[in-house]
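Asks: Given chain X, work out where chain D should sit, using these hints.
Respectively, the protein sequence lines represent chains X and D. Every letter in the first sequence is one number past the one before it in the UniProt record's numbering, and letter 110, counting from 1, is 110. Every letter in the second sequence is one number past the one before it in the UniProt record's numbering, and letter 34, counting from 1, is 34.
Careful: at least some of the hints might be erroneous.
With a cut-off of at most 25 Å between alpha-carbon atoms, the simulated DSS-like pairs for lysine-lysine come out as follows [what the hints assert, rightly or not]:
hint : chain 1 : residue 1 : chain 2 : residue 2
1    : X       : K455      : D       : K47
2    : D       : K4        : D       : K47
3    : X       : K455      : D       : K9
4    : D       : K47       : D       : K31
Just a few of them, taken from the derived set where beta-carbon distance is under 8 Å, the chain D residues facing chain X [stated by the list, open to error]:
hint : residue
5    : L7
6    : T29
7    : K31
8    : F37
9    : E43
Pair by pair, the computed Cβ-Cβ distance ranges are [as the list claims (entries may be wrong)]:
hint : chain 1 : residue 1 : chain 2 : residue 2 : range
10   : X       : P131      : D       : R70       : 36 to 42 Å
11   : D       : A158      : X       : S215      : 39 to 45 Å
12   : D       : G79       : X       : S456      : 17 to 23 Å
13   : D       : D48       : X       : S456      : 21 to 27 Å
14   : X       : P167      : D       : D157      : 33 to 39 Å
None of these hints come from the bench; they were simulated from the model. Glycine included, each C-beta is placed from N, C-alpha and C at the ideal position.
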Amino acid sequence: MAELMTPDSRRCSYFFLYDGSKVKGEGDPTRDGICYFYPEETPLDRQELLCGQLAGVGRCVSEVSSSPVRALRLRHNKYAIRMEDDFFWALGCSVEVPTVSVCELLDQLINLFCFYNGPVRQSYQLNGREPLAARWAQYLSHLQSGSSELQHIFSCVRTMDSTNVDPLLLLKAALILQACQRCPLVLAGCILFRGRVVSTQMSPELTMKVMVHESETYATSHIPSGPGSSSSVAPSVSSTTVFLTLSELQDLQAAPVDKPFSSRSTPHKDAPMKKTRLSRTLSDMASTESDTSDPASDQAPQKTSFAPCLSESESSMFSPSASQSSTDPSNPPPHSPKPNSQQAEEAALDESHYHSFHSDADGGGPVCGEEDRSARGPGSQLKDGDPDAVCETALDREAETGKEESSSGGGSEEEVGGSAVGPEAERGPAPGSGAPVDPAGAPLIPMTLYLHRVKSLVLALLVQPHFLSDTASVEEVYHSSLASLNGLEAHLRSIPPRVPGAPGPYLFAHFDRIQGTLTTNLSGRPGGAPQHPFVRATSLLHSHFCNTETLQEAIIRSAGAAVYGTSSVAQETYFQQHGGSLRNSGIPNHQDSAFSLPSKARHRLLKHGVNLL
Amino acid sequence: MTTKTSLLKVILLGDGGVGKSSIMNRYVTNKFDAHLFHTIGVEFLNKDLEVDHHQVTLQIWDTAGQERFRSLRTPFYRGSDCCLLTFSVDDNQSFLNLGNWKKEFIYYADVKEPEKFPFVVLGNKVDVTERQVSTEEAQRWCQENGDYPYYETSAKDATNVAVAFEEAVRRVLAMDERTDHLIPTDTVKLHRKPRSAVACCS
Chain X
1 MAELMTPDSR
11 RCSYFFLYDG
21 SKVKGEGDPT
31 RDGICYFYPE
41 ETPLDRQELL
51 CGQLAGVGRC
61 VSEVSSSPVR
71 ALRLRHNKYA
81 IRMEDDFFWA
91 LGCSVEVPTV
101 SVCELLDQLI
111 NLFCFYNGPV
121 RQSYQLNGRE
131 PLAARWAQYL
141 SHLQSGSSEL
151 QHIFSCVRTM
161 DSTNVDPLLL
171 LKAALILQAC
181 QRCPLVLAGC
191 ILFRGRVVST
201 QMSPELTMKV
211 MVHESETYAT
221 SHIPSGPGSS
231 SSVAPSVSST
241 TVFLTLSELQ
251 DLQAAPVDKP
261 FSSRSTPHKD
271 APMKKTRLSR
281 TLSDMASTES
291 DTSDPASDQA
301 PQKTSFAPCL
311 SESESSMFSP
321 SASQSSTDPS
331 NPPPHSPKPN
341 SQQAEEAALD
351 ESHYHSFHSD
361 ADGGGPVCGE
371 EDRSARGPGS
381 QLKDGDPDAV
391 CETALDREAE
401 TGKEESSSGG
411 GSEEEVGGSA
421 VGPEAERGPA
431 PGSGAPVDPA
441 GAPLIPMTLY
451 LHRVKSLVLA
461 LLVQPHFLSD
471 TASVEEVYHS
481 SLASLNGLEA
491 HLRSIPPRVP
501 GAPGPYLFAH
511 FDRIQGTLTT
521 NLSGRPGGAP
531 QHPFVRATSL
541 LHSHFCNTET
551 LQEAIIRSAG
561 AAVYGTSSVA
571 QETYFQQHGG
581 SLRNSGIPNH
591 QDSAFSLPSK
601 ARHRLLKHGV
611 NLL
Chain D
1 MTTKTSLLKV
11 ILLGDGGVGK
21 SSIMNRYVTN
31 KFDAHLFHTI
41 GVEFLNKDLE
51 VDHHQVTLQI
61 WDTAGQERFR
71 SLRTPFYRGS
81 DCCLLTFSVD
91 DNQSFLNLGN
101 WKKEFIYYAD
111 VKEPEKFPFV
121 VLGNKVDVTE
131 RQVSTEEAQR
141 WCQENGDYPY
151 YETSAKDATN
161 VAVAFEEAVR
171 RVLAMDERTD
181 HLIPTDTVKL
191 HRKPRSAVAC
201 CS
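Okay, chain D solo, but in the shape it has when bound:
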């Protein structure tokens, strides 16, 4: 189990300008570029990491937040193992839009059981002094919407970025384990021959 490397697709969603690309770049290349252009469509980077003795390759998909890029980004929601809903703590509107992002994701990713899907909420730009969204507000939203883990991050000074991604991985792995446990109990093993039956008929 521990030697197997699994590929996990996590996707960053949220309004334009909240810092999704910067979070990804900070996490994968440990760099911060204040002059990034709008992401057009989608981009992604891979990162190998080990969480609780599980080797994982995290494929982080960064998406365009602007409405005009919607048709480009939505086809790539499918197959995501985890969704990082991102807002900026200095932009109240981006916080209010979290619900819409969640809806959009569930719709286009065609999530079968939305209430069980692992979402993680990131409040980015905590380095900024003028906050518009308080920690309590954000935590309340997370609790009310499905008890999602909430992290306050800063791509600029690297606060909590790695922690958030590791938590995302843990959530996915926990999901997998749950389903792993479920599968054996619900299945019928076709290859096991019922010996008694032979005896009975002959």
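Bound-form chain X, shown alone:
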């Protein structure tokens, strides 16, 4: 039975993008609509079958219920679904993977594509299927690479093992980023070492997107990223065009940039102003606390700030009232239509310049100018712009959809997983994954990703597109950070790899929802026999926590094991104690050792830096 087999190390079993606009007539073959299908070696008639059937079901359910389908559950697989104008995406996973996680993976994948290529429709208008298929394959493999089973459940940012790094070095990294921000064209940045985050000023989602390019350039670092892409400053610098959603951009621009070195060590100062954090460093502990007490932090930061303008005026995202409501008066005003279009034109002008920096010369550059202008028109359908999940109202409808479907359709194998997915948007496991989708499509704003590599260390900055043509700014940023980057690289390289100690008589996993990080004492190897029940229990509990916002603590048990889980807006923690027979008589018993799990977890996890008190 497939269900009992050890889960494939691959996170996803099927993924495809189907373009319904290519299959309109009765005689049009389904294959014309298949833009990309994974696994690529799947026979074409099977591809057609799956695309045709799933797209048909999805469309049918959506039309019946007049709200989009988010998930389809079959006997052996479950599929996350996304439908935007004529595009239909489906990503299939084993049923063991929580539905929230599958949906999140699909969103991540589409977001990644849009981040590097711009809106999907335009990408396919400007490029052939082959180069874009290679992109999908690349992003998919990146998202699946080296991930453990737990990483299938939580989409997390890979960070340095902070228990093994001198906190002063994390501070050093944060200060490098702040120094870069002294240049007004620099929005935010992150520092990565050997593919792991040392410090970041961006949301976990954005950081994860940036990391894809980093790992890509790392793989080809022998060729210093193409002849055109290296700047006049040094061959170690490269850049590429990327596309931010409006909420991502607003978030970055509204973030209070502390001017030179006024130190992160005063978290209380910016915490009440804005939930966005600038740096993942020392100060974060404190500001996380303050987040917890804030009921609004249920929702992702950008969502809270952006939601009002959507409901008020769906068509004009740039209306002054919207921007009024979305910002703190003390922060610089976000985009108003005028400067933004100006900026787009500048971008178009600059494009000729920075197109030469664009190593993958297949048109990321030219897209941006036109796309940004056209996106402002009410008729534009660039939904890809904000591929982030569904807003709450849509979800309520969706939940109904699920009911309607199961009563009306009553398909033997299918059920619409709307209700299962619903709460994800209410309390997205990773902040930001729940930015509401504008039905008219959100615009994507072209920006530039600047990378400066020093051996295994990378400084990645999101900068205004005209940054690269501003030689003075480029040199300022380059020279102000070079010595520190050299030093940080030397420091980090000299850290001895931590000898993994004895795992201890317990297993734990701690997911920081704010920073999107996972801490665990599980070995990375998949399918470790004693770990499997823990992973399954974690997966189940995670689903429950996502679906039931009021659920805070739970113990899940089998005859031989009990796993304790606790969840808050800031974190999710799972704990299993080995050994000691479980006294489980089936009736509540105060001697039941499972009831001591919460206090054991609190006690044991303190030394891992996890505070459950």
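Replies: Here is chain D on its own, set in the frame of chain X:
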């Protein structure tokens, strides 16, 4: 000899705030930033230059002067070819601490012959009018501690900065030449066969 580029590691040591980072930045990028933050741990920059027909890449290591960063900076002392002991002429304490810096360096860099190691002493911030350390005092210290060259510098207005680094390079090259001369006289060439021996035995 002249075409070969050698990498020389020089390290700047001295109390916090005497201007080590500014000296390095002035020398390598010719810029001065009055708002630099404390250096955390170590940083370094490379600069290519030619001194007396020798092509050298100077790797200048800037260190954190504050005591709390000691454990971060000391592992990087090893392998230094020259040490620039830095104080600020408007801060007498930083001058008094030079001896401690020298000791710390010799200890952590594991210098075999401390009396021969090339140190250069820099009195920075000569642009400041209120001096606490006189030139004579500084020169006396240098003479008494091993006849180190002394330069009064200002990273702010670029006084003597390049000169000091060039002197550091010269000192290192002079050291190398001395050892170069020593090596041939002390070594035995293993590959040269003593011809006479063959004749003798047969």
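Asks: Are the hints correct? Go through all of them and say.
Replies: Against the structure, the hints:
| no. | hint | verdict |
| --- | --- | --- |
| 1 | K455(X) <-> K47(D) | 18 Å, holds |
| 2 | K4(D) <-> K47(D) | 15 Å, holds |
| 3 | K455(X) <-> K9(D) | 19 Å, holds |
| 4 | K47(D) <-> K31(D) | 14 Å, holds |
| 5 | L7 | 14 Å, violated |
| 6 | T29 | 5 Å, holds |
| 7 | K31 | 7 Å, holds |
| 8 | F37 | 5 Å, holds |
| 9 | E43 | 3 Å, holds |
| 10 | P131(X) <-> R70(D): 36 to 42 Å | 53 Å, violated |
| 11 | A158(D) <-> S215(X): 39 to 45 Å | 42 Å, holds |
| 12 | G79(D) <-> S456(X): 17 to 23 Å | 20 Å, holds |
| 13 | D48(D) <-> S456(X): 21 to 27 Å | 24 Å, holds |
| 14 | P167(X) <-> D157(D): 33 to 39 Å | 37 Å, holds |
When each numbered hint is compared with the structure, violations occur for hints 5, 10.
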